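Here the protein sequences line up with chains F and W, keeping their order. With positions in the first sequence counted from 1, the corresponding number in the working numbering is that position plus 30. With positions in the second sequence counted from 1, the corresponding number in the working numbering is that position plus 30.
Because the hints were derived from the structure by calculation, they are not lab data. The structure displayed is predicted, hence computed values, not measured ones. One thing to keep in mind: the hints can contain errors.
A pair counts as met if it fits within one copy or between any two copies, since identical chains are not told apart.
In silico DSS-like pairs for lysine-lysine, Cα to Cα no more than 25 Å straight-line [stated by the list, open to error]:
#1 K258 - K189
#2 K218 - K189
#3 K84 - K455
#4 K203 - K189
#5 K149 - K70
#6 K445 - K360
#7 K84 - K125
Number of protein chains: 2
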Amino acid sequence: MVDIATRVWNHKWKIDPIVRSLIDTDFYKLLMCQSVFRNKPDTQVTFSLINRSKSIRLAELVDEGELREQLDHIRSLSLSRGESTWLRGNTFYGKRQMFTPEFMEWFEQVKLPPYNLEKRDGQYELTFEGSWPEVMLWEIPALAVLMELRSRAVLHQMKRFELQVLYARAMTKLWEKVDQLRPVEGLKLADFGTRRRHSFLWQDWCVQAMTEGLGSNFTGTSNCLIAKNRDLEAIGTNAHELPMVYAALAEDDAALAQAPYDVLSDWHDEHDGNLRIILPDTYGSKGFLDNAPDWLASWTGIRIDSGDPATGAEVAINWWKSRGEDPTQKRVIFSDGLDTAKIIELHNQFKGRVQTSFGWGTLMTNDFRGLTPDDALLPFSLVCKAVKANGRPTVKLSDNPNKAMGPTDQIERYKKVFNVGAQDKQEVVV
Amino acid sequence: MVDIATRVWNHKWKIDPIVRSLIDTDFYKLLMCQSVFRNKPDTQVTFSLINRSKSIRLAELVDEGELREQLDHIRSLSLSRGESTWLRGNTFYGKRQMFTPEFMEWFEQVKLPPYNLEKRDGQYELTFEGSWPEVMLWEIPALAVLMELRSRAVLHQMKRFELQVLYARAMTKLWEKVDQLRPVEGLKLADFGTRRRHSFLWQDWCVQAMTEGLGSNFTGTSNCLIAKNRDLEAIGTNAHELPMVYAALAEDDAALAQAPYDVLSDWHDEHDGNLRIILPDTYGSKGFLDNAPDWLASWTGIRIDSGDPATGAEVAINWWKSRGEDPTQKRVIFSDGLDTAKIIELHNQFKGRVQTSFGWGTLMTNDFRGLTPDDALLPFSLVCKAVKANGRPTVKLSDNPNKAMGPTDQIERYKKVFNVGAQDKQEVVV
Numbered sequence: 031m032v033d034i035a036t037r038v039w040n041h042k043w044k045i046d047p048i049v050r051s052l053i054d055t056d057f058y059k060l061l062m063c064q065s066v067f068r069n070k071p072d073t074q075v076t077f078s079l080i081n082r083s084k085s086i087r088l089a090e091l092v093d094e095g096e097l098r099e100q101l102d103h104i105r106s107l108s109l110s111r112g113e114s115t116w117l118r119g120n121t122f123y124g125k126r127q128m129f130t131p132e133f134m135e136w137f138e139q140v141k142l143p144p145y146n147l148e149k150r151d152g153q154y155e156l157t158f159e160g161s162w163p164e165v166m167l168w169e170i171p172a173l174a175v176l177m178e179l180r181s182r183a184v185l186h187q188m189k190r191f192e193l194q195v196l197y198a199r200a201m202t203k204l205w206e207k208v209d210q211l212r213p214v215e216g217l218k219l220a221d222f223g224t225r226r227r228h229s230f231l232w233q234d235w236c237v238q239a240m241t242e243g244l245g246s247n248f249t250g251t252s253n254c255l256i257a258k259n260r261d262l263e264a265i266g267t268n269a270h271e272l273p274m275v276y277a278a279l280a281e282d283d284a285a286l287a288q289a290p291y292d293v294l295s296d297w298h299d300e301h302d303g304n305l306r307i308i309l310p311d312t313y314g315s316k317g318f319l320d321n322a323p324d325w326l327a328s329w330t331g332i333r334i335d336s337g338d339p340a341t342g343a344e345v346a347i348n349w350w351k352s353r354g355e356d357p358t359q360k361r362v363i364f365s366d367g368l369d370t371a372k373i374i375e376l377h378n379q380f381k382g383r384v385q386t387s388f389g390w391g392t393l394m395t396n397d398f399r400g401l402t403p404d405d406a407l408l409p410f411s412l413v414c415k416a417v418k419a420n421g422r423p424t425v426k427l428s429d430n431p432n433k434a435m436g437p438t439d440q441i442e443r444y445k446k447v448f449n450v451g452a453q454d455k456q457e458v459v460v
Numbered sequence: 031m032v033d034i035a036t037r038v039w040n041h042k043w044k045i046d047p048i049v050r051s052l053i054d055t056d057f058y059k060l061l062m063c064q065s066v067f068r069n070k071p072d073t074q075v076t077f078s079l080i081n082r083s084k085s086i087r088l089a090e091l092v093d094e095g096e097l098r099e100q101l102d103h104i105r106s107l108s109l110s111r112g113e114s115t116w117l118r119g120n121t122f123y124g125k126r127q128m129f130t131p132e133f134m135e136w137f138e139q140v141k142l143p144p145y146n147l148e149k150r151d152g153q154y155e156l157t158f159e160g161s162w163p164e165v166m167l168w169e170i171p172a173l174a175v176l177m178e179l180r181s182r183a184v185l186h187q188m189k190r191f192e193l194q195v196l197y198a199r200a201m202t203k204l205w206e207k208v209d210q211l212r213p214v215e216g217l218k219l220a221d222f223g224t225r226r227r228h229s230f231l232w233q234d235w236c237v238q239a240m241t242e243g244l245g246s247n248f249t250g251t252s253n254c255l256i257a258k259n260r261d262l263e264a265i266g267t268n269a270h271e272l273p274m275v276y277a278a279l280a281e282d283d284a285a286l287a288q289a290p291y292d293v294l295s296d297w298h299d300e301h302d303g304n305l306r307i308i309l310p311d312t313y314g315s316k317g318f319l320d321n322a323p324d325w326l327a328s329w330t331g332i333r334i335d336s337g338d339p340a341t342g343a344e345v346a347i348n349w350w351k352s353r354g355e356d357p358t359q360k361r362v363i364f365s366d367g368l369d370t371a372k373i374i375e376l377h378n379q380f381k382g383r384v385q386t387s388f389g390w391g392t393l394m395t396n397d398f399r400g401l402t403p404d405d406a407l408l409p410f411s412l413v414c415k416a417v418k419a420n421g422r423p424t425v426k427l428s429d430n431p432n433k434a435m436g437p438t439d440q441i442e443r444y445k446k447v448f449n450v451g452a453q454d455k456q457e458v459v460v
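Isolated chain F (complex conformation) (with noise of 0.2 Å):
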């Protein structure tokens, strides 16, 4: 049987959204929101698209009339009543209410502020100009949208069956990444790939087989739609963008050198458990580490997100003994360009030394290598950053200078001021 009134459904959209709700975002996103709502809400605050591929020339890929659209449609969502009810009812890392009720009441209201869109040598500048809080929920839906407008444009060359057989290449893929992890005892694997997944609905696909396909050890998606929709943990604590824009703030060198801690003493004021993770790699991790508080050390974890992770974890290790901490008690969190033999061989690595978890992004949710002639689908690293808080710019050094952002000068700046000295350059694939 035709269902003929979904047909009907289909030709009637003006658009076919990509993003369709204001939770289709990060869990961390709406963790800092909130902290940002508590502790900075008046910070002006610059996002800006920032596509680290410069060989996709997505103004050429993609049409900007279709990018509007979508970047409007975003702009007419709140949240829905279910969406609220989900939040506020919802157990987050074993927590009731961890959202307040300040918050939820101003989130229920907010609607995204406006963008600015140009074309520039092949490029899209967008950029996203106003209060923190409300401007930080851009991120994730433009990464997404931007993400799946260029996935449309080259399935929109394709004939019926080569699409069916490339989402059937694409499944055979994903599910021989899954039977390679199946064996994997004690894997604790979780969904971070929204901001670069290939498709909303591919997303979904995605979180669906590695359920099934591995049970208790796929621990839940950083998607808050998709935990939501299908009754999984929402998975993710903190981000660069916290400490970035606290540097920024700061009013002299000294400030700058106490603002990463700045952030986390504000997260300690918020949550305890598994949401206090460090994040130490904003400025050089080794620096952090070094310079930190007693008290950070007495924290759940350490996320590994750039630089070599093997490296990174033994810093961390070494770190939490130099503190007198039980790093088989400790958990390390990877989440920088995985992809399953990196995570079969870091979980074997670690294992009986600390507690480890992936946070598996880009090649979990978008790898179409391979998959078609050209190779027109390959994966790609574009980026929504804070670039200026309260009209000063903002600097990222992380453990690889290839992700460094930022003016040279300030760049050169806080690589003096957190002490980091040479670095060792990775590529950046995702």
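Fit chain W to the given chain F structure using the hints.
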């Protein structure tokens, strides 16, 4: 949107029918049926299912009740008005009214005769008795039912995403075959896979994929229902059952030696052009061709269905030359156990020497090798053959002694009459 009506409808099915139509069968079956209806309508025959792959214990895999339901369902089928219109109105092989009004009137009222079903040694003994034109219609649907019930028994054990990935892998595998065949210039390939298909829906998908992937190099399908639904050519001419039954009816050795030519003499009266295809291997190709009357050399082609295919084609070419015919104007149709590598090899080997076509069967519509952990969907060699005609046993020798059928004493008699010497054994995979 969930299509509630479809969902309720699916739940309402008493059975999920495997054979949905009397024309879900091979085109040559209908051509042969018309020939039998005209020339030997009163012959009483017995057809019997034979599983040449003894390791597949069908009676342990397939529930007898389900099998009976499917067979009973086939007995309830009769030609629909649209099917009748298609058979009466269509152009087959460039000819209008391929089926005579007399035959169509009979076919419109025919219902399949009863079946006998017993279990023995882990296998089903499934036989059909009655008048030849009716009983012969059982062959293809009986095979398709057993094949698909076996598939379903295996699939029944699988979880939701495992199932989806299984078909994703199968699609990927078929498309790799399409990719291999696409560059082969001048290829003529048809689907001959109805009898040993994985399932009806899968065959239908494969045919559509070949149509999109190979364009006009995919010449059609032997399956009448799919040809009708997908607007493709119905392909096929004649098969071993004609000489086998004609031979069994022969009163003495002289008549026996003549029987295979009598078949083609009747065919010669009914058909011309591309329907004049010799199937020489029933009692040994070489002897058949050596003793063939001259008018057979004028026929359009030869189908190679057993023995080494290249050798068979060389024999055909040499025979045409010996009869003063130009092989480049003749066609060799390969139809035995083909897969892509063999198709490409044979196509290249005979390019410019003879025209070639390929009837691709089991490894097009049922190649699930390597797609399940224990290879539970391995294709196997199931046939349904005329074993008796007017009380006398039938015999088949073919060009591969592993495909020989019949009582031992009769096989020896036939070998003498047809002067069949030593034959090379070839493994029968499908």
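### Message
For K84 and K455, with the copy left unspecified, which applies at a CA distance of at most 25 Å: within, between, both, or neither?
### Response
within (18 Å within a copy, 62 Å between copies)
### Task
Could you place K84 and K125 in one of the four classes (within, between, both, neither) given a Cα distance threshold of 25 Å?
neither (43 Å within a copy, 60 Å between copies)
### Query
Taking 25 Å as the upper bound on the Cα-Cα distance, should K149 and K70 be classified as within, between, both, or neither?
So K149 and K70 fail the 25 Å test inside a copy (32 Å) and across (79 Å) alike.
### Query
When no copy is named, should K258 and K189 be tagged within, between, both, or neither for a Cα gap of at most 25 Å?
between (34 Å within a copy, 23 Å between copies)
### Task
Have a look at K445 and K360 and pick one of within, between, both or neither, based on CA distance no larger than 25 Å.
So K445 and K360 fail the 25 Å test inside a copy (29 Å) and across (81 Å) alike.
### Message
One pair to classify: K218 and K189, alpha carbons no more than 25 Å apart. Within, between, both, or neither?
### Response
Between copies only: 22 Å across chains, 39 Å inside a chain, cut-off 25 Å.
### Task
First find the shortest C-alpha distance between K203 and K189 inside one copy, then the shortest across copies, and answer within, between, both or neither for a cut-off of 25 Å.
The answer is both: 21 Å in one copy and 18 Å across copies each meet 25 Å.
In this structure, the earlier hints numbered 5, 6 and 7 are contradicted, and the remaining ones agree with it.
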